[in-house]
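Asker: Same order as they appear, the protein sequences are chains A and B. Quick note on numbering: the working numbering labels position 218 of the first sequence as 233, and the sequence is numbered without any gaps. Quick note on numbering: the working numbering labels position 303 of the second sequence as 318, and the sequence is numbered without any gaps.
Wrong hints could be hidden among the right ones.
Copies of one chain are not kept apart here, so a pair can be met inside one copy or by any two copies together.
[Claimed, not checked] No more than 27 Å apart at the CA atoms, straight line, and that leaves these computed lysine-lysine pairs for BS3-like:
| hint | residue 1 | residue 2 |
| --- | --- | --- |
| 1 | Lys-97 | Lys-141 |
| 2 | Lys-24 | Lys-259 |
| 3 | Lys-388 | Lys-104 |
| 4 | Lys-178 | Lys-104 |
| 5 | Lys-104 | Lys-411 |
| 6 | Lys-419 | Lys-97 |
| 7 | Lys-388 | Lys-417 |
| 8 | Lys-28 | Lys-266 |
| 9 | Lys-266 | Lys-294 |
| 10 | Lys-266 | Lys-24 |
| 11 | Lys-235 | Lys-388 |
| 12 | Lys-97 | Lys-28 |
| 13 | Lys-141 | Lys-328 |
| 14 | Lys-268 | Lys-294 |
| 15 | Lys-388 | Lys-24 |
Read the hints as simulated data drawn from the structure, not as lab findings.
Protein chains: 2
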Amino acid sequence: MRRFLLGEKDIPKKWYNLVADLPPLEPPITPDGKPITPQMLASIFPMNLIEQEISRQRWIDIPEEILEILYRWRPTPLCRAKYLEEFLKTPARIYYKDESFSPPGSHKPNTAVAQAWYNRQFGIRKLTTETGAGQWGSALAFACNLLGLECKVYMVRISYEQKPLRKIMMQIWNADCVASPSNETNVGRDILKRMPDTPGSLGIAISEAVEEAISDKTAKTRYSLGSVLNHVLLHQTIIGLEAKAQLRIAKEKIPDIIIGCAGGGSNFAGLSFPFIYDKINGAKIEIIPTEPTACPTMTRGIFAYDFGDAACKTPLLAMYTLGHAFIPPPIHAGGLRYHGMAPLVCQAINEGIISARSYNQLQCYESALLWAKTEGAICAPETSHAIACVIEEAQKAKEEGKEKVILFNYSGHGLMDLAGYKKYLSGELTDYPLPEDELQKSLRLIKGLPGTKRMR
Amino acid sequence: MRRFLLGEKDIPKKWYNLVADLPPLEPPITPDGKPITPQMLASIFPMNLIEQEISRQRWIDIPEEILEILYRWRPTPLCRAKYLEEFLKTPARIYYKDESFSPPGSHKPNTAVAQAWYNRQFGIRKLTTETGAGQWGSALAFACNLLGLECKVYMVRISYEQKPLRKIMMQIWNADCVASPSNETNVGRDILKRMPDTPGSLGIAISEAVEEAISDKTAKTRYSLGSVLNHVLLHQTIIGLEAKAQLRIAKEKIPDIIIGCAGGGSNFAGLSFPFIYDKINGAKIEIIPTEPTACPTMTRGIFAYDFGDAACKTPLLAMYTLGHAFIPPPIHAGGLRYHGMAPLVCQAINEGIISARSYNQLQCYESALLWAKTEGAICAPETSHAIACVIEEAQKAKEEGKEKVILFNYSGHGLMDLAGYKKYLSGELTDYPLPEDELQKSLRLIKGLPGTKRMR
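Can you make the complete structure from the sequences, with help from the hints?
Answerer: This is the structure in structure tokens:
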């Protein structure tokens with residue numbers, strides 16, 4: 016058997032909240048060191064999602080209406096990568112959860128749909144967000160379109176101009192997608208006045224999206240984030256919960272190794288958190304988030320309080336970070352070019368439950384090509400960072416002569432990212448050494464921020 | 016329930032050959048009017064596929080090794096378009112077979128895999144083909160890559176230059192993709208000498224691909240075609256056979272209406288032929304192939320012997336045709352811009368079993384947008400020609416107050432075709448009136464060809 020399928024009735028009915036099974040997280044704080052209260056967030060997020068964000072309840076019901084929408088593409092298949100196994104001549108059995116089946120092509124809609132639904136429940140009419148290459152923006156556009164919400168996406172200007180495909184997707188799904196910085200916010204106008212030719216940045220786009228949300232006089236607009244926060248990771252756990260049921264169908268026990276690429280952490284968390292529950296309860300699993308060597312948040316960053324965005328507009332989060340001023344080299348896996356990491360993923364690192372690895376761009380593309388050659392599909396450049404690790408572990412299993420079970424998250428397809436493949440195939444791609452001086456400078460910048468010294 | 020799934024063990028084990036249930040087809044003939052013999056085709060196709068091409072056996076076993084490869088994405092889901100139904104307030108129940116799940120994104124790999132496998136069985140090492148926008152070329156590249164065959168794709172020069180995405184897919188799957196006309200064949204060199212700036216055409220690309228196949232001295236190269244021929248349509252019937260089993264799971268009887276878009280006819284045939292078997296045996300089904308008004312082969316063409324290609328290199332086929340010299344207006348549904356139609360589909364028209372309709376480009380894009388708004392996914396421009404008809408029939412069912420069951424083939428996704436959507440959304444797209452003078456001129460050109468007057 017190659018694919019292990021669940022019917023609609025077998026879809027998980029609850030999300031798993033890892034917060035319940037870890038020591039308390041360091042709380043988000045304000046730039047002057049005070050804890051963030053739910054009320055402080057009320058103009059940015061709806062209160063029902065803020066409640067989820069701070070919930071310590073282990074299992075949280077998935078509303079039936081959200082499941083109804085997820086049925087469009089969920090449960091997603093669990094597949095066995097038999098042909099990759101054969102090519103590698105490994106005794107390992109490699110399984111992957113195929114999240115590329117959603118209409119926007121990745122795991123992102125799992126939380127986009129949930130966030131749009133909770134906002135609508137709360138009476139919100141419009142969501143704003145930022146997007147870089149457009150993966151998250153298109154997922155939120157998709158969700159808002161299905162739920163009848165307006166959607167405004169601030170897309171980093173250089174991507175807006177250079178990567179038109181995702182922008183068209185957003186337009187098909189009725190979103191209003193503008194280049195950031197834009198003339199529609201004070202932040203945007205101010206930056207355009209000072210730097211009319213700026214390519215924009217995620218930090219600026221976040222600032223614009225938040226400004227639009229909080230300045231709506233009717234209070235019917237909120238902001239939506241595609242990763243990092245607890246409630247976002249929560250919504251993704253449906254991936255791992257489905258995978259667990261599917262592994263039972265495949266007559267496998269808990270996997271020996273679980274792998275996911277991690278930019279903000281949501282696809283990795285979605286697959287792995289439900290298995291962390293088992294690990295905490297005694298299962299022996301190696302759980303590996305993977306990241307680019309060019310943006311090595313978990314493997315080279317420090318655990319400290321830092322801003323979530325480059326513009327220093329968000330609360331301070333306790334996380335592994337390269338510093339909010341760190342600008343990663345222009346690798347093609349845009350979704351992994353983030354200076355921080357979800358606090359919940361960081362907590363799992365600190366507890367010794369998971370252990371990160373980093374991979375070079377060229378090795379990742381080489382892995383993606385081997386994947387296309389053996390399994391047939393074209394993966395997202397982000398996903399190739401998981402596949403590189405899978406191949407490494409499968410080869411190790413071969414050397415050790417061990418029948419390991421490896422599970423990874425196939426977080427998205429690469430059909431919107433063919434330009435990177437083209438460069439790789441024509442030999443134009445290079446690896447980027449980590450800019451050490453930049454990193455040290457960026458880390459020094461956050462040393463003065465409050466909170467870090469008081470950490471447990 | 017929204018999706019109806021089959022497991023691997025439920026995949027059809029035989030293809031259905033409609034030839035067995037229709038009066039004998041008018042045979043392919045040479046330009047001087049003689050019947051084509053299997054031996055005449057032996058340098059173009061392997062003999063095992065030629066045998067399938069002329070077989071009158073109703074059920075043909077699908078080799079286990081082909082099924083093994085199809086398991087990568089098959090069985091595909093049968094889905095109910097509940098949200099479109101709700102939007103239209105129709106009493107009709109609309110089902111679609113989702114062929115967009117294959118790695119190249121359409122139904123094309125169903126035959127690409129089968130053809131590559133039969134060629135390999137016959138000792139062939141390399142396949143050549145032509146491609147326009149690249150849908151078929153990428154499917155054959157995908158199949159050859161999995162089966163370890165070399166693949167050479169002659170891609171129409173203007174598409175090669177203007178539509179780089181599919182070309183990159185082919186390269187990822189190890190195909191050698193060259194712009195046609197190329198310097199690699201006599202036909203190509205000759206045309207380049209006379210017309211160095213030609214944008215190329217499918218006709219030229221076919222001629223180059225065939226030339227390369229037949230001029231391989233080691234006889235290890237053959238040519239592969241993505242539609243039109245009997246064996247190609249045969250391989251696609253797995254779609255309809257799966258759909259039948261899935262409709263039983265959905266507790267539906269035989270559908271009232273079956274719809275598929277038709278360029279060369281393969282996706283339409285794949286879904287509908289297994290149901291034509293039921294219709295011949297008494298079931299009441301309306302079966303509708305849909306085409307563009309800009310290239311109305313079935314609704315405005317004549318039934319006559321004509322060349323399959325613009326360059327007059329292929330055998331003459333008895334089919335509905337606009338004449339091989341007809342150049343359709345540049346609609347975005349490139350896969351439907353073909354002057355002819357599969358002889359087997361044409362025979363079903365002549366027998367009164369199916370009845371074609373044509374749709375304008377703007378109505379099709381409008382339908383595609385409604386599909387994205389309600390069902391969430393972005394369809395191929397070809398597929399939108401089926402959806403336009405589905406909407407029309409669903410509205411008719413509403414007017415009549417009838418609970419009809421409508422089934423259609425969702426032949427592919429539109430993620431590689433976003434440029435057309437962009438033009439539609441910005442108001443740049445227009446409908447094209449059928450160029451009547453061109454059509455009449457083109458039809459006059461084929462009046463002198465042999466065969467037509469001798470038809471039954």
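Asker: None of the hints should be skipped; say for each whether it holds.
Answerer: The hints, checked one at a time:
no. : hint                : result
1   : Lys-97 <-> Lys-141  : between (45 Å within a copy, 25 Å between copies)
2   : Lys-24 <-> Lys-259  : both (15 Å within a copy, 22 Å between copies)
3   : Lys-388 <-> Lys-104 : within (15 Å within a copy, 46 Å between copies)
4   : Lys-178 <-> Lys-104 : neither (39 Å within a copy, 38 Å between copies)
5   : Lys-104 <-> Lys-411 : within (11 Å within a copy, 57 Å between copies)
6   : Lys-419 <-> Lys-97  : within (14 Å within a copy, 42 Å between copies)
7   : Lys-388 <-> Lys-417 : within (25 Å within a copy, 49 Å between copies)
8   : Lys-28 <-> Lys-266  : both (22 Å within a copy, 25 Å between copies)
9   : Lys-266 <-> Lys-294 : within (19 Å within a copy, 43 Å between copies)
10  : Lys-266 <-> Lys-24  : both (20 Å within a copy, 17 Å between copies)
11  : Lys-235 <-> Lys-388 : between (49 Å within a copy, 22 Å between copies)
12  : Lys-97 <-> Lys-28   : between (30 Å within a copy, 21 Å between copies)
13  : Lys-141 <-> Lys-328 : within (21 Å within a copy, 59 Å between copies)
14  : Lys-268 <-> Lys-294 : within (13 Å within a copy, 48 Å between copies)
15  : Lys-388 <-> Lys-24  : between (35 Å within a copy, 25 Å between copies)
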